[in-house]
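A.B. asks: Each chain, letter by letter, is given below.
2 protein chains.
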Amino acid sequence: MGQQPITFLRQVMALCTYPNLLDSPSFPEDAKKRARRILQACGGNSLGSYSASQGVNCIREDVAAYITRRDGGVPADPDNIYLTTGASDGISTTLKILVSGGGKSRTGVMIPIPQYPLYSAVISELDAVQVNYYLDEENCWALNVNELRRALREAKDHCDPKVLCIINPGNPTGQVQSRKCIEDVIHFAWEEKLFLLADEVYQDNVYSPDCRFHSFKKVLYEMGPEYSNNVELASFHSTSKGYMGECGYRGGYMEVINLHPEIKGQLVKLLSVRLCPPVSGQAAMDIVVNPPVPGEESFEQFIREKESVLGNLAKKAKLTEDLFNQVPGIHCNPLQGAMYAFPRIFIPAKAVEEAQAHKMAPDMFYCMKLLEETGICVVPGSGFGQREGTYHFRMTILPPMEKLKTVLQKVKDFHMQFLEKYA
Amino acid sequence: MGQQPITFLRQVMALCTYPNLLDSPSFPEDAKKRARRILQACGGNSLGSYSASQGVNCIREDVAAYITRRDGGVPADPDNIYLTTGASDGISTTLKILVSGGGKSRTGVMIPIPQYPLYSAVISELDAVQVNYYLDEENCWALNVNELRRALREAKDHCDPKVLCIINPGNPTGQVQSRKCIEDVIHFAWEEKLFLLADEVYQDNVYSPDCRFHSFKKVLYEMGPEYSNNVELASFHSTSKGYMGECGYRGGYMEVINLHPEIKGQLVKLLSVRLCPPVSGQAAMDIVVNPPVPGEESFEQFIREKESVLGNLAKKAKLTEDLFNQVPGIHCNPLQGAMYAFPRIFIPAKAVEEAQAHKMAPDMFYCMKLLEETGICVVPGSGFGQREGTYHFRMTILPPMEKLKTVLQKVKDFHMQFLEKYA
Chain A
57 MGQQPITFLR
67 QVMALCTYPN
77 LLDSPSFPED
87 AKKRARRILQ
97 ACGGNSLGSY
107 SASQGVNCIR
117 EDVAAYITRR
127 DGGVPADPDN
137 IYLTTGASDG
147 ISTTLKILVS
157 GGGKSRTGVM
167 IPIPQYPLYS
177 AVISELDAVQ
187 VNYYLDEENC
197 WALNVNELRR
207 ALREAKDHCD
217 PKVLCIINPG
227 NPTGQVQSRK
237 CIEDVIHFAW
247 EEKLFLLADE
257 VYQDNVYSPD
267 CRFHSFKKVL
277 YEMGPEYSNN
287 VELASFHSTS
297 KGYMGECGYR
307 GGYMEVINLH
317 PEIKGQLVKL
327 LSVRLCPPVS
337 GQAAMDIVVN
347 PPVPGEESFE
357 QFIREKESVL
367 GNLAKKAKLT
377 EDLFNQVPGI
387 HCNPLQGAMY
397 AFPRIFIPAK
407 AVEEAQAHKM
417 APDMFYCMKL
427 LEETGICVVP
437 GSGFGQREGT
447 YHFRMTILPP
457 MEKLKTVLQK
467 VKDFHMQFLE
477 KYA
Chain B
57 MGQQPITFLR
67 QVMALCTYPN
77 LLDSPSFPED
87 AKKRARRILQ
97 ACGGNSLGSY
107 SASQGVNCIR
117 EDVAAYITRR
127 DGGVPADPDN
137 IYLTTGASDG
147 ISTTLKILVS
157 GGGKSRTGVM
167 IPIPQYPLYS
177 AVISELDAVQ
187 VNYYLDEENC
197 WALNVNELRR
207 ALREAKDHCD
217 PKVLCIINPG
227 NPTGQVQSRK
237 CIEDVIHFAW
247 EEKLFLLADE
257 VYQDNVYSPD
267 CRFHSFKKVL
277 YEMGPEYSNN
287 VELASFHSTS
297 KGYMGECGYR
307 GGYMEVINLH
317 PEIKGQLVKL
327 LSVRLCPPVS
337 GQAAMDIVVN
347 PPVPGEESFE
357 QFIREKESVL
367 GNLAKKAKLT
377 EDLFNQVPGI
387 HCNPLQGAMY
397 AFPRIFIPAK
407 AVEEAQAHKM
417 APDMFYCMKL
427 LEETGICVVP
437 GSGFGQREGT
447 YHFRMTILPP
457 MEKLKTVLQK
467 VKDFHMQFLE
477 KYA
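Chains A and B are the protein sequences, given in the same order. In terms of this note's numbering, the first sequence opens at residue 57 and continues consecutively. In terms of this note's numbering, the second sequence opens at residue 57 and continues consecutively.
Since the hints were made in silico from the structure, they are not lab data. Warning: the hint list may mix true and false statements.
Where chains are identical, the list cannot tell them apart; a pair therefore holds if satisfied intra-copy or between any two copies.
Claimed, not checked - Cross-link-like lysine-lysine pairs, in silico, BS3-like; alpha carbons within 25 Å at most: (1) Lys152 with Lys325; (2) Lys415 with Lys325; (3) Lys362 with Lys374; (4) Lys374 with Lys218; (5) Lys325 with Lys425; (6) Lys320 with Lys152; (7) Lys236 with Lys249.
Construct the entire structure; sequences and hints are all you get.
C.D. replies: As structure tokens, then:
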């Protein structure tokens, strides 16, 4: 999508990969310092050695320090940090530990609808029960606790709901949860003894000036010891999103709070079967949580690159929302965060009929037509889940501004013709 | 363990990580050529992009070409190659696909005893049935087909055996299977319609002058179309072993033969949930299967480094076998391949009693004493499985020669004292 890697991150990674470069004058001293620190913590001072299954110690310490800074001083313990092969691996491993507990009835896992399909896939792999709660499209895809209550009450008839998954900022829906909403969710999890799984991989991707990212961990601690000593929480971050976009390295971490020591033991056992997360991805995660600071040689370039990526994403989020909302039959909520638009599209009855004749979901039919006629590939809402009778698609806002404008214009033209054709 | 990375591999990895280095005169042209080729096949020419879930196309092509060369011209199809997050990931994913098929009775998975504990762990995770077949210690840990028949016959009473796992060269046992033995195993799998899972991660680690590595794939094809068109086979390789030892990158591949297209579809679906294997590990795998060739600038250094690692391992394998066999109460089969000694140790009755009083397996008791008294950490045979009443431990031969000699001398002294103490 044209987004360039952050120079500092790649410099440190190259130094770690080929330590001969530590003598090269063409690398800045702060990058060398980071590389030396990471290598010193690796077996044989090499990215090529296995690490501990939980991850390299000093990287887990850096993650803990990052979380403490991010959360305004709320303490984080490196023992609660697990480095992962991307967030997907951490989320599936955590769900596996929580679901495999057994019991008389199957474990229920509450997930938002629309959701990121990792959740439905892993729930199905684990033979758990998917418990849907619907985000409120009329209210900017907000999470409403009354809807959680409804979903939980109905689920209790046929399964044993144990886990509540939250995606904030939302994927595919892009909403950023308010502090109040997070408090309500935590209170609900506390009341109902649900394990909170907070997918916070888009924590750096907040664009609306009225929104701020609040971590579940921070709010949990600010609600007092009754909550912070009792509510079980796992939260996830990744090298793949944010401003760095290093998805190929498969780096990530999770922080677990109030997990029973016996379950923690099981978790490490499960992780150790696959030996360790890629050490190169662990190193990438380290640089994300431990970037250049003011006074360091690379600081200015780092900030310039970071702000350029995030500033452009913010502009593209606004542009996408505005342009979609100019098209009759498309409604798009504000893209408060993450990297996607998830507009609602009106599909005429005639098109719905034709889709059904082809045994296709109407939004799948729409997306295939869009692909065939424009070459633009978007994902139908039915892949994420949506309220019955509503249709959406997910489109990323990652392409460069000029390309994105062209894409949006083409979608608009396609949509108008589609409405006309099936009127 | 003091083993140095292969320079060429790290050079290509550094160039892929930080492409600015492609202009640097301090990197050889053949490394740059490899790096450019890999980057051209990556999204956005970057290791930081997701790849296809099955892995980067050109790397799968290089793997197929490597297999064809290795197997003397037996064709390999890049469509049958899947890049993995190390071999462990490939093996667990394959077992998952094979076990989740359902049916009336639970799936049986045949594994060697002693085994590498990944197998027992994954079988337990999947709620499948572990079916043990014993390697023949009296015969250099050979695999005997009669023992496979016995194990299968007994297993059929209580499960549905579908998969036969082979580790060749063996871990922890270090034997290298003869061509005749592999033929017998393939014939048995064909007769009994078993899926063959060949763990061949030590294919470069063969030390005995009388032994050669034969891949299951090659032997399968040489046995003719009745076998090569029917026997289902998955074989695994990795960047972690051999002469490169790049375990931290979590690189690997698997080749699947005769897998039903529908199951293949399920496999890709399962892999896609976790997006893709680390692209850095994929790049490392590429260099392993596509190393410098005669005439290229880096060839001589590469061969020197490779032969130095493998030559030293061969010397250490012989030394370890010889020294262990000089100790009364220790018997060690020839270390034909892999990276471990798995000597049988005599544990006196008094020590067995004391172990039982501590609720410990006798070999665990022995290994703990060894650790406490010498600081040397070896793994008790009970972690891998062994015939009842026999005791072993696994020790790696990776330490540098001088250190290994010291270690072996210390183990010898410890063992003599242990025998004396518990006589």
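A.B. asks: Decide, hint by hint, whether the structure agrees.
C.D. replies: Here is how each hint holds up against the structure:
no.	hint	verdict
1	Lys152 with Lys325	both (12 Å within a copy, 18 Å between copies)
2	Lys415 with Lys325	between (45 Å within a copy, 21 Å between copies)
3	Lys362 with Lys374	within (19 Å within a copy, 55 Å between copies)
4	Lys374 with Lys218	neither (38 Å within a copy, 55 Å between copies)
5	Lys325 with Lys425	between (48 Å within a copy, 24 Å between copies)
6	Lys320 with Lys152	both (13 Å within a copy, 24 Å between copies)
7	Lys236 with Lys249	within (20 Å within a copy, 60 Å between copies)
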